[in-house]
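Peer 1: Chain by chain, the residues run as shown.
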Amino acid sequence: MPETTTAPPAPHPASYPAATTAVIVREYGPFDGGHAIAGVSYDGRNVWAATCRQLVAFDPASGRVTRTLPHAGDAGTAFDGRHLWQIIESRIDKIDPATGEVLGSIPAPSGSHDSGLTWAEGSLWVGHHRGRRIHQIDPATGAIRRTLESNRFVTGVTWVDGELWHGTWEGDESELRRIDPDSGQVLQRLQMPPGTHVSGLEADGGDLFFAGGGGTGKVRAVRRPRT
Amino acid sequence: MDALIAASARALAAGDALGALQHVALRDDPPALALRGIAMAQLGEHGLARRLLQRARRAFGPREAVARARCLLAEAEVALALRELGGTAAALADAGATLQRHGDAVNALHARLVSARQWLLLGRLADARAVLDTLDAPRLPPTLAAVAALARAEVALRSLRSAEANEALAIAQQAARRSGVPSLMAEVAEARAALERPAARGLRAGRVQTLRLAEVETWLASDALVLDACRRGIARAGAWRSLARRPVLFTLAQALATAWPGDVERDVLIASAFRTRHPDETHRARLRVEIGRLRALLQGLATVDATPRGFALSPTAAGEVVVLLPPIDGGQASLLALLSDGAAWSTSALALALGQSQRSVQRALAELQAGGQMRAMGRARSRRWLAPPLIDFTTVLLLPAVLPGA
Chain V
1 MPETTTAPPA PHPASYPAAT TAVIVREYGP FDGGHAIAGV SYDGRNVWAA TCRQLVAFDP
61 ASGRVTRTLP HAGDAGTAFD GRHLWQIIES RIDKIDPATG EVLGSIPAPS GSHDSGLTWA
121 EGSLWVGHHR GRRIHQIDPA TGAIRRTLES NRFVTGVTWV DGELWHGTWE GDESELRRID
181 PDSGQVLQRL QMPPGTHVSG LEADGGDLFF AGGGGTGKVR AVRRPRT
Chain B
1001 MDALIAASAR ALAAGDALGA LQHVALRDDP PALALRGIAM AQLGEHGLAR RLLQRARRAF
1061 GPREAVARAR CLLAEAEVAL ALRELGGTAA ALADAGATLQ RHGDAVNALH ARLVSARQWL
1121 LLGRLADARA VLDTLDAPRL PPTLAAVAAL ARAEVALRSL RSAEANEALA IAQQAARRSG
1181 VPSLMAEVAE ARAALERPAA RGLRAGRVQT LRLAEVETWL ASDALVLDAC RRGIARAGAW
1241 RSLARRPVLF TLAQALATAW PGDVERDVLI ASAFRTRHPD ETHRARLRVE IGRLRALLQG
1301 LATVDATPRG FALSPTAAGE VVVLLPPIDG GQASLLALLS DGAAWSTSAL ALALGQSQRS
1361 VQRALAELQA GGQMRAMGRA RSRRWLAPPL IDFTTVLLLP AVLPGA
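Chains V and B, in that order, are what the protein sequence lines are.
Here the first sequence is numbered in the working numbering, starting from 1 and rising by one per residue.
Here the second sequence is numbered in the working numbering, starting from 1001 and rising by one per residue.
To be clear, the hints were calculated from the coordinates, so they are not data collected in a lab.
If you're wondering where the values come from, they're calculated on a predicted model, not measured in any experiment.
Treat the hints with care, since some could be wrong.
Stated by the list, open to error - Which residues of chain B face chain V? A partial, calculated answer using Cβ under 8 Å:
(1) 1001
(2) 1029
(3) 1065
Every residue, glycine too, gets a C-beta built ideally from N, C-alpha and C.
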């Protein structure tokens, strides 16, 4: 498998469920002078969005910005309960959200093609954008534990209630997908409305996803369907 | 976008082309190629930039229409800086339409601006003006607004509308200042200086004076009959009769206009129009024929009356007769003056207008081209000559953000 691909996207296999349209509940931002959103995370109270120049935290109820950390972000953001993890260039920084201090760094798994990031059960899960894959890595060393394949460019990744969800954005199409964390099989598909795309994804643990809106600089709250 | 692409784009947006390259120098996937192309263009490596952008455009997948359109737009802009204008107009229009359809309004406007500048460089003022008229000025970001206003100023200058040019340059100056791009501000200052330079010499009542563009315009708009030896024609209060394809008639008209209100001897007219110092009856007969043709051409503007010694010009309406001459004398100055209309001329048309052989015109053109005072397009028989742009955009590359999500 090459590092990245220029092959056109494969058609969806027959085993894929039909897509339903994602319901956008609310839009936040743009923040920080309208810079693009690279990653999104949620720490239980605040939504964190990585813009190109800094990390912005906002209250999802009021939409007001509560914190900013002067830490540039290039792709996914995650929260492990205590620390923020942020992909920048070809590494993943571990950041203390209280002080903004960088506590450590691990190399990003693909070295440069990383997109979404989330934390679950002692592992970091990293999207590999044009490689159409998701890596599960060891947060201490950055070593790859497992890899899941997709048929679209992977953007954000998130875990919620034992479900692994990820965003795709290829060409004009963007979806939120629930996949089987063991087999990679696609279980559910939410298609983003035309003109909206996912860059960065996090769930609030309840009924919402927060999805980065790429170049629009917005973060969108999308309703999570209950199965 | 993946992390390194985002980091590279972040460096590019901050003007750090080398930092951007460092992130993606070893990558050949389409977004990396596109960023490398943009970085190279910023570093002035236009040829390489164009090849990288071309590769990126071809490598983006069939569903990545916006990314491909943006690459094509960047390619067109780089081609413009390289002064290579072959066959991109239709593709650029398509790319602009694609961007518009996908909600990328700013780049769609950018595409139209690039095509307007292409028309300008090709000497097709009417086409350039038509495209510029569709640009919605308030929605343009300052850099694009400044370049659009500069392009408008160039069209106005070429069409001898200095008030309009001044207005456009004032807008350009404001926009350039808002954009904060030093090279753009310098371009506007340079363009304003061009307005103050001598554009022609004027001959009125036996006295010669140097004229700026605005003064030329005033002369042309006055009720005087103007023999324009720059653009080769006769003007009066907005009416224009071109003599560019009638060199003998032009020479006669110029001699008569210069002598006004006096007359010109037949032998003098024969010597200047037919280039002979030993006139005989056949020359006098030819002169009568040519004067007849000139009368027909000037109908409604002026009459050519026979006097005991020769001929005299008299305007049909009240008002004087004045002559506009190229700012300096000589064959090259005449060539430059002819080309100042911004249109593309063939060598044969220039030779015809100046009444010289194609060979000597070609020789003068080659010298002017070597000195950068003239541009050539096309090859062999399709070669066309143009004046260099009054306002030179080469130092300002606006370059769209090429990536999806950017």
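Peer 1: Could you tell me which of the hints above the structure violates, numbers in ascending order?
Peer 2: Per hint list: zero violations.
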